[in-house]
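Produce the entire structure from the sequences given, and follow the hints as far as they go.
These protein sequence lines map, in sequence, to chains A and B. Residues in the first sequence are numbered consecutively from 0, following numbering that gives the first Met the number 0. Residues in the second sequence are numbered consecutively from 0, following numbering that gives the first Met the number 0.
Please note that a few of the clues may not be correct.
[Said to hold, decoys possible] Computed Cβ-Cβ distance ranges for the label pairs, DEER-style:
| id | chain 1 | residue 1 | chain 2 | residue 2 | range |
| --- | --- | --- | --- | --- | --- |
| 1 | B | R302 | A | D201 | 21 to 29 Å |
| 2 | B | D208 | A | F95 | 30 to 38 Å |
| 3 | B | T333 | A | V13 | 40 to 48 Å |
| 4 | B | L51 | A | R336 | 46 to 54 Å |
Note that these hints are calculated values from the structure, not bench results. The beta-carbon is built from N, C-alpha and C at its ideal position, and this holds for glycine as well.
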Amino acid sequence: MLKLQNISKSFDDVNAVRDLSLEINEGEIFVLLGPTGAGKTTTLKITAGLIHPDAGNIFIDNNDVSEVPPAFRDISFVFESYNLFPIYNVYDNIAFALRSRLLQIGSEEIDKRVQSFSRDLHIESLLDRPTSTLSGGETQRVALARALVREARLNLFDEPLSNLDLKLREELRVEFKELHKKYQSTIFYVTHDHDSAVSIADRIGILFEGKLHQVGAPNDLIENPESVIVASLINYPAINVLNCTLVGKKLNINGKTTLVELSEAEVKSIGKITKADEFQIGLKPRNIFIGKKKNMINISGKVLHTEYQGYNKVINLDFIGLTIRLVTNQAVRLKDRSTIDVHFVKEDMILFERENGMRVL
Amino acid sequence: MARIRLENLKKYYGRVKAVDDVSLDIKDNEFIVFLGPSGCGKTTTLRCIAGLEPVTGGTIYFDENVVNGLEPADRNIAMVFQFYALYPHLNVYRNISFPLKAEKMPAHDIKRKIKWVSELLRIDSILDRKISELPDGDKQKVALARAIVRTPEVLLLDEPLSALDEKFREQMRIEFLRIQRALNVTTVYVTHDQREAMTLADRIVVMKDGEIIESGEPARLYETPHNLFTGYFIGSPGMNFFECISKKDGTCSTKNEELIHFSKSLQKKLREIQIDTFIVGVRPEYLFFSKNFDESVNYFKVRVINTERIHEINYGNFYIGDTLCKCFLSGETTPGGFEGFASWDDEKICFYNPESGHIL
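Shown next, in the form of structure tokens:
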């Protein structure tokens, strides 16, 4: 439905977006996830036509819209700072775009749509209120209604939930999904909030320093990250990344301690990808378990600190000078500075080449 | 080393009661976190302790001494804010030495102190770097170093991590703990981030609308919140709450007449409580979804509308009446729109009075 082709944009010396290509399908929620400064908002503004790219083309329904002005692209945009009109009440804010002469919609139809979206977003009782009297959550609902009511070809959302507190965010996420189920609109959503991305996306694109690193369904990215950057951004709590050296079949840490011995086949398959011997092991905190177990990789470490997080505890372990984090929901009480045994399965380990960060195993 | 005691602390701005009759005992070396939504009065309370705000009423004690009349500089406290308030054009060393120079400390003592604090915070390698060149995480470490270099009795921290990126925030949480344990200093920390509060605190003080809702160890507040608000605010996702009505024939149902089946022992407990309408609180993590049910346990029927993965746990969203709830899904899940039963263990449930919001 939307196709961005080789988009680049720089501001002065900064390459905000670097040769970015992606496609968004009809009716899907596509989330671009990346830290502050990754180029997310720039990408969105280029899609909307608010910024002109240095290079590349934008297609909507196979039509090149690169030179089409924003108002004629049939796109709605929700900004992080909602930009509601403070002088109008809620109803007029929602109806505003529909009253555009470009659209030629009758007032009965406008009323029907405003009422219907207000009901779905639970703001029907607020329609007469001036927007300045609304709470943060209410304001955000009005902004969503105002964008969705247009039933535009494509809806762009720039961090629409990040100004809300955690609790409102949790509630709106669920409503957002239900609303999408009903209207099946195409949504291009950018955020730095990992939780929102994983929760609402059909597919996620990982953007880092202006470059699109990987695109896939949330579970797909979590299970099969192609690079250490993707693995670090998609996992919470953060994935453990340990530097290691491949000596023969052995993966050595800190130069001498052998953590894992690879099979012949594994060494062979790595050899096909790279000649390097410096790697990084990626290991999810949830894949490390307390206790010793036969035929698994067993290590012991000193407990630095346990982070209590309710259902989960995050245990920080010192393992020969490296910090390893593991997550458990077992009811264990571990004293700081005590030594404990932990184990993991070799298959849960991901291996990245150190130099370029790409996955090799 | 200091004990802090707040006695009926009040701070009003005109008619707005920012802090309303707050009483609290903070033990020597305790790490206290004030947690609550914005506008709950947590920062105002902290500023009253610091002496930055004159109080409207009540008494603040440090050990046995009333400090109400004392200037901030005379209270032997140190503060760190969300925005570091460092001198960007000066290097790290000069930023940290600033308060010591102001005290006219001899040069060799300053050197010794800075060596100590920079090693403690692991910033000894960046002492000659300019503040403006440092990443945000390091800036906050320097701000902390400058605060503790005078070895204050009380350390006050106002949302020190909320301006940082998630990555730095995780690292700095652990740093704060390590340093607080090493220093043995009474610490009061203000945040709206429940995850931070749970990780750091010896004791969390939950605040709302200028009042203390309750205080307790993180684990207790998570497992058995004594108030609905605590259960809602602590944990991500928060606790499920729904109204329940017990009928004459001994059965229970929701407002919409959907049956809720309680085990024998919970039924007995409910009879002892003797209340017709009450609120059930149960954590999503303790509410298990299954296709079938067992008569002996607690269960009710649910229709999962969609599923959500939060921190590698799959949750099912469903409604009880118009209340959104979440349950724990194990194994493979489909996108949503399926029916089954949600069940829980006896000890994982709390009952609340719908009027007061307090635990029964």
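Contradicted hints - numbers only
4
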